[in-house]
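Now for the letters of each chain:
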Amino acid sequence: GENVEQHPSTLSVQEGDSAVIKCTYSDSASNYFPWYKQELGKGPQLIIDIRSNVGEKKDQRIAVTLNKTAKHFSLHITETQPEDSAVYFCAAGRPQGGSEKLVFGKGTKLTVNP
Amino acid sequence: ETGVTQTPRHLVMGMTNKKSLKCEQHLGHNAMYWYKQSAKKPLELMFVYNFKEQTENNSVPSRFSPECPNSSHLFLHLHTLQPEDSALYLCASSQHFWTGELFFGEGSRLTVL
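Protein sequence lines, in the order shown, are assigned to chains A and B. Residue 3 is where the first sequence starts when you use this note's numbering, and the numbers rise one by one after that. Residue 53 is where the second sequence starts when you use this note's numbering, and the numbers rise one by one after that.
Since no wrong hints were added, every one of them can be taken at face value.
Cut-off 30 Å, straight-line C-alpha distance, at most; resulting in silico cross-link-like pairs (DSSO-like, lysine-lysine):
id	chain 1	residue 1	chain 2	residue 2
1	A	44	B	104
2	B	92	B	74
3	A	44	B	71
Simulated from the structure, these hints should not be mistaken for lab results.
Please model the entire structure based on the sequences and the hints provided.
Here is the structure:
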């Protein structure tokens, strides 16, 4: 089955700096890679996702890159703000309406210092 | 309003108690999920329901018993739990079975004494 490793487990940056979180996956058949943000006391919320037919996707200050050959994908947050402080989870899977569930990483706690 | 509502938000129970967690989704989704979230561990999938039929039981102990009376409601019945079952239990839904975005509730924080 799929196995997802996520690094680092904690990340502290100064406001305005960039933050990068990296994940690796084991199943080369995985083709869907979402990122979820979990704020304190809330449930995880999807912030961006990428499918295996593209190498990069951007949404304002957030971008995700995918390297299928190396089986790793990364989340990039530019111009970080205090409200970006949260736990971020990556996931990998083949959700095509079948039985291939999403597998999550252990999470990265991001702290943005004002 | 997240679209997925979980109650109670906090629950403390003894090892011999029986309690239930409730989840309701107002999104018209067809699939619902129970996850367990423990510190420093990945989200652990427990159960999956598609059109109120259970499609997955991820080797969960029988002291956890799910119930899905319709596509909008999901319960997790708890009995004779252990202290190591203390965790945040998250409910999620998706439009279709394992397709696209998962919408999570805010979770029920369970403490087993």
